[in-house]
Structures are given as C-alpha cells and as structure tokens.
Amino acid sequence: MMQAVPIYLENCAKTFTDGTRALEPVDLAIAAGETLVLLGPSGCGKTTTLRLIAGLEQPDAGGRVLFGGEDVTALPIEKRNVGMVFQSYALFPNMTVAENIAYGLRLRRQSAAEQRARVGEMLALMRIERLADRSIDQLSGGQRQRVALARALAVRPRALLLDEPLTALDAKLRDTLRFEIDSLLRELGITAIYVTHDQAEAMALGDRIVVMDHGRIAQVGAPRDIYQRPASRYVAEFIGTMNRLSGHAEGEVFRCPGGYVVWPELPATAREILFRPEDTRIAAEGEAASLRGTVSAAFFCGDHVRLFVDVGEERPLVLETPARREYRHGETVALAVERHGLMVL
Amino acid sequence: MPRRQFLLLLLPAALFFSAFFLLPMARLFFIGASGESGWLAYLAIVTDANYFRALWTTLAVAAVTTVLTLAISSIAGVFLERHRFPGRAALVAAMTLPLAFPGVVVGFMVIMLAGRQGIIGEVFTMFGGERPIFAYSLAGLCMGYVYFSIPRTILTIMAAAEKLDPRLEEAARSFGATPWQVVRDVILPGLRPALISAGAICFATAVGAFGTAFTLATRIEVLPMVIYTEFTMSANIAMAAALSFSLGAVAWLALAVARSASGSTVAAAG
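Listed in order, the protein sequences are those of chains A and B.
Just so you know, we're using the numbering used here here: the first sequence kicks off at 5 and counts up by one.
Just so you know, we're using the numbering used here here: the second sequence kicks off at 2 and counts up by one.
Honestly, I wouldn't trust all of these hints.
What the hints assert, rightly or not - Chain B regions said to be covered by chain A (calculated; three or more residues, Cβ under 8 Å):
{"no.": "1", "segment": "175-181"}
{"no.": "2", "segment": "186-199"}
What the hints assert, rightly or not - Facing chain A, a subset of chain B residues (Cβ under 8 Å, in silico):
{"no.": "3", "residue": "LEU165"}
{"no.": "4", "residue": "ARG168"}
{"no.": "5", "residue": "GLU171"}
{"no.": "6", "residue": "ALA172"}
{"no.": "7", "residue": "GLU222"}
Derived by calculation from the structure, the hints in this document are not laboratory data.
Built from N, CA and C at the ideal position, the CB exists for glycine as well.
Assemble the whole structure, with the sequences as input and the hints as a guide.
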C-alpha cells in the first residue's frame with residue numbers, strides 16, 4: 005500500500021504570461037486513494053489542472069493546492085513527491101530500464117541494495133523483469149509505458165499523475181494497458197489523477213470523472229451519473245452518443261418531423277428531447293410505431309448492427325440492433341424510444 | 002540499385018575526393034620525404050624539441066578553445082532556444098556574424114580588445130589599475146579562437162536544444178532533481194551528439210587556424226605558423242610538407258580518440 009493523500013484545489017485559476025486564460029477558478033476535492041479522471045477536448049484546461057497539481061505550474065494569486073493538510077501551492081514539483089507518467093513516456097534515453105526506475109531512488113540517496121530491491125519489486129509489479137538491462141530504444145510503446153509507470157511508482161509518491169498515458173499506443177494495446185492500470189491503481193490504493201480526451205478510457209478508469217470545457221468544470225460525478233444524468237448538452241454530447249429530436253410539446257406528446265414520442269413527464273416548454281442509442285430500438289411488429297425514418301447507413305459490427313436512421317432531423321438517430329436482420333440503405337423503419345431514457349437539457 | 006547506376010552516382014564523390022584530397026595529400030606525403038633527412042622528416046615533429054613544443058601548444062590551445070567554446074555555446078544556445086525576447090533574432094544573427102570574418106580580422110578584434118591600446122586596458126587604467134595586455138599571449142589566442150568557433154557550434158547546439166523533450170526535464174524534476182541534476186542527467190546527455198560533432202569541428206578548426214594565429218601569435222609557436230615559416234622564410238618545403246601531413250594526422254587521431262572515448266553518437270531516443 006502507498007501513503008494515500010487527499011488533494012484539494014481551492015479557487016485555482018491559471019492565466020499564462022501572454023494573457024491566455026487556461027483555467028477559470030476551479031475548486032476540486034480528490035479523496036485519498038481515489039482515481040479522478042480529467043476529461044475534455046484539447047484546450048479545455050485538463051492538462052493545466054494536472055500541471056497545477058504536479059507543481060509544474062503555479063495557480064494565479066488566490067489559488068491554493070493542498071496535499072492532505074499541507075499547503076503545497078508554493079512548492080515546485082521537486083518538493084511535492086508526485087509520480088508523473090507522460091504520453092511521450094519521457095524515459096531517460098541515456099539510461100537502461102533498471103537505471104530509469106532507480107533514478108528517483110538514486111536522487112534520494114538510497115543505498116545500492118535498497119535501490120536494487122525496489123527496482124526488482126517494480127519490475128515484477130509491471131511484469132517486465134526480462135527488460136531490466138534493455139536500453140529504452142529497444143522497447144515497444146507498451147513496454148515503455150510500463151517502465152514509466154514503474155519509475156513513477158518506485159519512489160512511493162504521494163499521488164500518481166498521468167497525462168494521456170495511453171494516447172500514443174494502438175487500440176489493442178490501449179485496452180490491455182487500461183485494464184492493467186485500472187487493477188494497479190486499485191491494488192495500490194494511491195491517489196491518482198488521470199488526464200484523457202478519450203471518454204471510454206475515462207469511464208473505465210475513473211472513480212469519478214471531471215468533464216471540462218473551455219477552462220471550466222462542466223460536471224463532476226461517477227461515470228454512471230455523468231452518462232445517465234448529464235448536467236448539460238455539452239456533457240451529454242461529449243460522453244457517448246446522444247440522439248436528439250427537435251419539435252414541440254403537446255401535453256404528454258412530443259411532436260417532431262419524424263413522428264411523435266409519448267412521455268408523461270414531458271415539460272411543456274421542451275423544444276428538443278434527448279436519449280441514448282441503447283434506449284432506441286426498432287419497433288416490434290404490431291407495436292404502435294411512433295417514429296418513422298429511412299436507413300441512411302448500416303455498419304455491420306459482428307454481434308450487432310449500428311444503424312443510422314434519418315427522421316428529418318439535422319443528424320440521423322443512432323441505434324444498435326441485433327445483426328440477425330439485414331438493413332438496406334433507404335429502407336423505411338419504425339422506431340420506438342424507451343421512456344426511462346428520455347431527457348431534456 | 003543496378004551496379005552501373007551505383008558506380009555512376011559514386012563518380013562525383015570519387016572525382017572530388019581524388020582531385021582535392023587524395024592526390025594532393027599523396028603528393029604532399031612524398032614531398033615530405035624529399036628533403037635532406039628523407040623519411041626522417043616525419044619523425045622531426047617528435048624528435049625536434051621546437052616542433053614538438055609547437056605541436057603541444059597547438060593541441061593545448063585547441064583543446065582549451067574547444068572546452069570554452071562548448072561551455073559558452075551550450076549555455077547560450079540552450080538559453081536562446083528557450084527564451085523569446087525582443088532582439089533575440091538580432092542577437093542570434095550577431096553571434097553568428099564572425100562566420101563571415103577572416104581569421105585576420107578576428108585577430109585584429111582581439112588586439113583592439115586586449116592589446117596595448119585595447120578596451121580592456123582602458124577600463125582597467127580608468128579605475129587606476131594596471132593595464133593588462135594579453136592579446137599576444139596564449140589567452141589572447143584562445144580568445145580569438147573561441148570567438149571564431151562560437152558561431153560554428155552555437156547553431157548546432159540550438160538545433161539540438163530544440164529537440165530536447167521538455168517532458169524529460171519535468172520527469173527528472175518530479176523525482177526531486179535539482180537544476181544542476183537536470184543539466185547533468187537530461188540536458189547534457191541530450192546534447193551529447195551535438196557537443197561531440199560541434200566539438201570535433203571546433204577542435205579541428207582551432208588546430209589548423211592560421212589567420213588569427215598570424216595576427217596574434219608573434220611570441221607563440223603554433224604549428225600552422227611553424228609550417229608557414231618553414232615554407233616562406235626557410236624555403237624548407239620538404240619539412241613544411243612533413244609537418245603539414247603530421248598536423249593533419251595528429252588532428253585526425255585526436256578526433257578519432259575523442260569520438261571513440263565518448264562512445265556511440267546515437268541521438269537521444271524518445
């Protein structure tokens with residue numbers, strides 16, 4: 005187990021010297037041992053937030069960063085004892101794998117025996133024992149990221165900070181490493197802050213997700229909350245796919261170009277309603293088909309078909325349906341929407 | 002690539018190499034042995050005390066020049082690469098200006114700075130101190146060579162500094178590295194290939210520099226001056242040729258040793 009500390013950001017804003025506001029004043033509490041994912045498109049302020057926590061950037065006057073009870077705002081990264089993992093791995097090319105992992109221990113003036121023991125532990129933890137004496141340029145991307153994790157964890161940091169660690173890897177390796185990082189963080193119980201623009205990664209790894217937009221926090225919550233109860237259209241559209249119908253309310257009935265949707269809780273002022281692809285399905289035979297459209301694309305995915313149906317909206321509705329039946333471009337289909345999945349934002 | 006095409010494309014390099022290097026060098030090599038002492042002329046550089054001293058002076062001046070040049074260029078190069086400020090472009094241009102100066106002009110500038118009427122002397126006398134004159138000493142010669150060499154190295158180092166991954170420094174700092182440890186563990190290893198190649202050029206240039214030495218080395222014997230004297234004053238063409246050849250060989254050897262001692266020159270990997 006690692007020493008886990010809670011981390012607090014109080015009123016942390018960041019304005020760069022050229023006047024760009026990278027981050028509006030932000031308050032954030034990260035529980036000890038929690039994995040918090042900062043999610044958003046590039047330029048949303050997620051990396052700046054991470055760098056404030058790391059001590060690579062200082063917040064504007066008035067902002068405070070706390071590790072547990074300790075105010076570390078004025079401390080540079082050298083004094084914060086955090087482990088960092090970068091997208092570009094940032095391994096020292098002039099050192100072997102073992103020397104990279106031992107680097108932090110060497111700076112802490114640990115004895116050779118202590119260093120060797122800890123490096124051995126870390127190599128075993130990441131299952132890269134056989135790479136110990138390799139030079140960095142002999143490693144694959146996945147191996148490099150394992151070494152980077154081992155190096156960051158070797159010094160028993162107070163928090164682990166990961167800046168898009170999987171972005172440079174190919175899809176399959178990304179899946180494997182995502183799984184490994186997830187079990188690693190759970191096993192170690194370390195406070196971890198993970199920056200990504202990949203919502204699937206955020207959902208899989210985060211205890212909580214912070215969705216960011218233009219230097220502001222758009223929503224904080226568990227992956228399930230954010231997915232099922234997005235606080236804004238921005239969040240709804242950033243996380244997963246969202247279907248949208250535009251029209252107007254007539255009592256419990258929402259009328260739109262493609263037909264209508266019945267929803268007892270429909271707000272009278274609703275101009276558009278939203279729902280997820282998994283709450284959309286092809287209407288069963290004999291069922292009252294309230295929405296009609298034409299198939300504009302059908303992608304066969306093996307176990308299911310991803311269907312795009314044009315219902316006269318700006319964008320086609322998306323749904324996934326069993327692959328048993330074949331769909332042809334231009335074919336008319338009747339759709340039904342599950343009521344529990346409906347929302348307005 | 003077909004064999005004929007290969008040979009055809011090799012031709013320009015082979016012609017150039019033969020005409021401007023191989024044939025003159027071979028000729029020089031044999032001229033060196035055409036004097037009274039025959040092939041023994043080639044040993045004179047180590048057996049004759051004057052020549053040997055000149056050789057050592059030359060190598061020492063070149064080595065000191067290389068170290069000073071690399072130190073100044075590294076600090077200035079990395080700084081200029083990392084900071085943007087008004088006048089930066091002009092400063093970089095000014096630092097590379099001496100590329101266009103003949104060695105004689107560089108020597109003249111050292112005299113203006115550290116000679117009998119030099120600026121440094123003026124400043125010292127203004128404060129009632131003694132007037133230091135070092136333009137014609139080893140220090141003055143080194144100064145001239147350094148001035149001459151900085152433009153050649155600083156651009157190479159700036160290009161290498163641009164390629165340094167700032168994340169590497171951040172990673173080192175996250176482990177608690179002090180600025181000096183960052184320089185030692187990240188920046189210098191990252192610059193190493195550039196330092197070796199720039200240093201090699203700097204050393205070779207300093208060994209062979211003539212114009213600056215001609216202006217300043219009135220009391221110092223460096224090999225290019227000795228060769229000049231043998232050639233023009235003593236008309237000892239064979240000795241001049243032998244010394245020339247030896248000078249080339251020694252410089253080449255020194256570079257080869259430096260290169261192998263510093264290991265492989267593999268560029269920093271991501």
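Do the hints match the structure? See the list:
Only when three residues or more bring their CB closer than 8 Å to a CB of chain A does the claim for the segment 175-181 of chain B stand; here the count is 5, and the claim holds. Coverage of a stretch by a chain is defined here by at least three residues with a beta carbon nearer than 8 Å to that chain's beta carbons; for the segment 186-199 of chain B and chain A the count is 5, and the condition holds. Taking 8 Å as the C-beta contact cut-off toward chain A, the hint placing LEU165 (chain B) at the interface is violated, the least distance being around 11 Å. Below 8 Å, beta-carbon pairs count as interface contacts, and ARG168 (chain B) has one with chain A at about 4 Å; its hint therefore holds.
About 6 Å separates the beta-carbon of GLU171 (chain B) from the nearest beta-carbon of chain A, less than 8 Å, and the hint is met. At its closest, the beta carbon of ALA172 (chain B) sits 4 Å from a beta carbon of chain A; the interface hint therefore holds under the 8 Å criterion. The criterion of a C-beta within 8 Å of any C-beta in chain A is not met by GLU222 (chain B), whose closest approach is roughly 41 Å, and the hint is violated.
Figure legend: structure checked against the earlier numbered hints; hints not met, in rising order: 3, 7.
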